[in-house]
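A.B. asks: Below, each chain spelled out in residue letters.
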Amino acid sequence: MKRPSYERVDYTVRPAKSVERKMLCEALVRLGHFRDLTQYRYVGLGSIFFSDFILIHKSLGIKDLISIEKEIGDKKRFEFNCPYKFIKMLFGNSNEVLPNKLKWTKKLILWLDYDYKLDESVFRDISIFLLKAKSGSIILLTIDVEPDDPKDEKTGKHVGRYDKLADRIGILKIPLGTEEKNLLDPAGFPRVCFEIIDNEINKMISIRNVGIEYNDRLEYKQLFNFLYKDGSAQMLSVGGIIYSQKDKKEIQACNFDKLKFINSTIKPYEIIVPKLTFREVRYLDKLLPLNKSSLKRKKDDLSFLSEEMKKNYNKIYRYFPTFVEAEIG
Amino acid sequence: MSPKNKIDPNVVKGSPSKELFITMLTRDITLIDAISDLVDNCVDGAIRLKGKGRFTGLEVDITVTEDCFKIKDNCGGIDKNLAQNYAFRFGRPSKTPQINYSVGQFGIGMKRALFKMGNNFEIKSVSAKTSFTIEIDVKKWSEKEDEWDFEFKKPKDKKPLLSECGTEITVTSLNKNVEERFKDKLFLTELKQKLEVQHLINISRGLTVKINGHPIKAKQLELHAGKFKTAYWEKNFKTYGNMNVKIYVGIGEYKNKNQGDMGGWYIFCNNRLIKGPEQTEITGWDASTPVSIPKYHIQYSRFRGFVFFEVKEPTHLPWTTAKNEIDVDSPIFRAVRLEMIRLMLPVKVFLDEVHKESVDFANGRLEKKYLQSEIDSANLKNFSDVQTSKEFIAPHRKHKAKKRDEVTITYKKTTDKVDKIKKLLGVSSAREVGEQTFENFYKREFQR
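If you read the sequences in order, they're chains A and B.
Using the numbering used here, read the first sequence as starting at 1 and increasing by one per residue.
Using the numbering used here, read the second sequence as starting at 330 and increasing by one per residue.
Some clues are possibly wrong.
To be verified - Below, computed lysine-lysine pairings styled on DSS-like, alpha-carbon distance capped at 30 Å:
#1 B:K548 with A:K181
#2 B:K401 with A:K164
#3 B:K514 with A:K164
#4 A:K151 with B:K584
#5 A:K249 with A:K134
#6 B:K710 with A:K157
#7 A:K246 with B:K401
#8 B:K575 with A:K248
#9 A:K248 with B:K697
#10 A:K151 with B:K401
#11 B:K710 with A:K117
#12 B:K523 with A:K151
#13 A:K181 with B:K539
#14 A:K134 with B:K512
#15 A:K157 with B:K546
#16 B:K399 with A:K151
#17 A:K246 with B:K512
#18 B:K677 with A:K181
#19 A:K157 with B:K719
#20 A:K181 with B:K697
#21 B:K512 with A:K117
#22 B:K586 with B:K546
#23 A:K164 with B:K399
For the record, the hints were derived by calculation from the structure and aren't laboratory data.
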């Protein structure tokens with residue numbers, strides 16, 4: 001059995017994930033124009049680090065926080081590490097907790113940060129959210145989109161990536177035109193996964209709307225499509241907001257689109273965190289914002305940094321993680 | 330004719346209402362079946378052009394968007410005379426010119442499919458000598474109760490309607506529920522999956538079928554060759570227009586449910602798949618005569634049975650008008666079904682053995698999966714290229730299940746006793762306690 005991801009990776013030092021978290025928070029600040037955020041409930045998949053919970057609470061003031069944790073065996077460790085007593089822990093996998101244990105009485109911010117690849121269980125979570133969530137709720141799904149090994153793990157036989165994907169999600173979920181070569185390509189595979197999730201969300205929305213009067217009909221607006229890589233696996237985060245026609249104007253007034261990372265297209269917003277020293281960061285900060293001419297300037301003191309690195313820094317500097325090794329006594 | 334407002338007291342009205350065709354008969358088919366039916370029309374064009382030859386160069390292009398459906402082919406087009414007198418009639422007049430081995434039969438398919446989809450259609454067709462355009466607004470047409478005919482549209486200029494001989498049908502103002510289905514992108518995957526099997530023979534004969542520009546591949550009807558012999562049965566039914574029926578039964582690739590389980594029967598009428606993979610009593614699963622066959626189960630996922638009904642005059646074929654069901658009351662199907670059940674048995678017996686073998690292997694009763702390795706080493710070949718015999722023949726287990734020279738012993742003892750022995754032997758696990766006490770006993774009794 002694979003060990004849980006929190007035992008494999010230290011979540012606090014995953015720079016791209018950290019950037020993503022901050023971006024999500026910034027988007028949620030805008031959601032505050034629609035409703036007071038304290039009316040919202042945040043639901044996440046736990047980890048012993050609770051990084052998302054801490055950030056969401058500190059930056060948005062949301063106190064209704066629920067952590068879904070599947071590693072029941074480690075219950076004591078989770079309870080020990082839980083940073084606030086108002087975080088409610090619901091043990092079980094999301095497929096059990098979402099339909100059975102969670103109450104859908106409030107507007108939700110649901111971040112399903114899976115540490116595995118797209119499989120049938122993801123569809124179950126998507127469908128429950130879209131059947132139950134209230135207008136104004138947000139969903140974000142994060143999955144591993146590293147192309148598959150075409151071999152079967154157990155037998156070593158060649159099965160092909162198409163069949164592997166079909167085995168996990170069912171052949172009827174694979175978009176028309178998908179071929180083996182799309183699934184091998186590190187850019188192609190996330191695109192296929194994106195389409196699969198997007199199709200599922202739109203299908204569920206139209207099912208939810210059957211027989212509903214116009215004002216209550218729901219619409220889905222995609223806000224997020226992030227692609228990043230902290231460790232060995234490429235991750236894709238897709239999501240957005242659902243709202244009724246009644247709430248549409250207020251949601252539009254949130255102006256999510258003003259944020260540069262808000263993305264309603266199929267082309268992902270790539271988060272690349274350049275590895276820079278503090279000295280470099282401070283220097284670059286003084287030059288901000290970096291434009292075409294300042295990027296091309298060869299004669300500055302940082303000519304040893306590639307244009308690519310500077311560009312990437314410019315793109316995310318407001319969310320740039322600052323990790324310090326320190327003992328807090 | 331008497332004026333309309335004069336009612337003859339002795340006449341009872343028996344004429345059909347247009348509603349029957351527009352909103353009722355359309356309920357008997359699914360949207361995908363409706364599209365399949367339109368593809369059948371293209372295939373009939375291909376048959377008319379090439380007979381039993383290859384369809385290379387012929388193409389069917391299907392375009393599905395949220396507000397429009399289009400199907401276009403280069404399969405020869407509909408002759409204006411045929412269109413004028415037969416093709417647009419409801420039901421097939423008995424004098425309709427016949428295409429041998431065709432799949433269009435009932436004279437309902439195209440109209441029903443179009444009514445199912447939307448309100449406005451445009452049909453353009455160019456054949457070797459003639460060409461025409463028909464535009465139909467269903468709403469307007471249905472308002473005139475007794476007027477059933479359609480009109481050709483007068484050509485505005487002399488430009489050719491289409492670049493080559495063929496037909497193009499466009500449906501717009503889609504019905505609400507059709508629009509909903511077309512919005513769902515998964516519908517396209519479903520359509521592809523369905524057409525891939527329904528028209529696999531036609532596609533493998535060289536016909537190109539594209540959905541939104543993506544050519545679909547023919548699902549292969551493959552069977553394991555090697556030491557396996559596929560069962561083959563053939564019969565000619567003289568009184569049914571010389572219908573020829575062929576059955577192949579063998580084993581193919583294993584796919585689980587998610588990968589698209591392909592186990593079961595495939596029933597073809599004039600090379601068009603009607604049903605398949607069929608896994609119910611219709612094709613003999615759960616049958617008790619002439620032999621007993623269990624219900625379908627994933628353990629039979631390798632089972633493949635192909636039945637081909639082929640006849641010049643398609644009225645004899647055992648299918649329903651939707652072409653998605655077998656006419657189970659058809660005497661010919663009832664007769665063939667018994668042969669199918671009979672031929673299933675040896676395959677069922679073999680697959681049961683394969684299953685038992687894998688269970689035995691998992692429990693440690695077998696050292697090797699002999700039958701499984703026979704399957705793995707047998708090539709997959711197209712059904713028409715495999716060796717056949719009267720019955721399915723599979724290799725037997727050459728070696729008897731070899732007993733291993735080791736067995737597992739398990740037993741339970743109370744913890745305190747086991748802990749005592751652990752201490753004494755200086756070991757930490759119960760397993761070691763078991764092994765060492767056994768060794769000690771054996772030494773004392775046999776090796777002293």
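A.B. asks: For the pair we were handed, B:K586 and B:K546, check the Cα-Cα distance against 30 Å.
C.D. replies: Distance of about 20 Å is within 30 Å: holds.
A.B. asks: Take a quick look at whether A:K248 and B:K697 sit within 30 Å of each other, Cα to Cα.
C.D. replies: Given that 30 Å is the threshold and the Cα spacing comes to 64 Å, the pair is violated.
A.B. asks: Starting from B:K548, check that the Cα of A:K181 is at most 30 Å away, please.
C.D. replies: Holds, because 19 Å separates the two Cα atoms, which is no more than 30 Å.
A.B. asks: Taking 30 Å as the top limit, are the C-alpha atoms of B:K710 and A:K117 close enough?
C.D. replies: With Cα atoms ~34 Å apart, B:K710 and A:K117 exceed 30 Å; violated.
A.B. asks: Given the proposed pairing of A:K249 with A:K134, does the C-alpha separation stay at or below 30 Å?
C.D. replies: holds (16 Å)
A.B. asks: Does A:K157 lie within 30 Å of B:K710 when you go C-alpha to C-alpha?
C.D. replies: Answer holds: B:K710 to A:K157 is near 20 Å, not above 30 Å.
A.B. asks: Is the Cα-Cα distance between B:K512 and A:K117 30 Å or less?
C.D. replies: holds (26 Å)
A.B. asks: Are A:K157 and B:K719 close enough, with their CA atoms no more than 30 Å apart?
C.D. replies: violated (34 Å)
A.B. asks: For the pair we were handed, A:K164 and B:K399, check the Cα-Cα distance against 30 Å.
C.D. replies: violated (33 Å)
A.B. asks: Please work out if B:K677 and A:K181 have their alpha carbons no farther apart than 30 Å.
C.D. replies: Roughly 37 Å between the alpha carbons, so the hint for B:K677 and A:K181 is violated.
A.B. asks: Taking only the CA atoms, is the gap from A:K134 to B:K512 under or equal to 30 Å?
C.D. replies: Between A:K134 and B:K512 the Cα gap is close to 23 Å, so the pair holds against 30 Å.
A.B. asks: Would the hint linking B:K399 and A:K151 be met if the CA-CA limit is 30 Å?
C.D. replies: violated (40 Å)
Comparing the model with each earlier hint shows violations of hints 2, 7, 8, 9, 10, 11, 16, 18, 19, 20 and 23; every other hint is respected.
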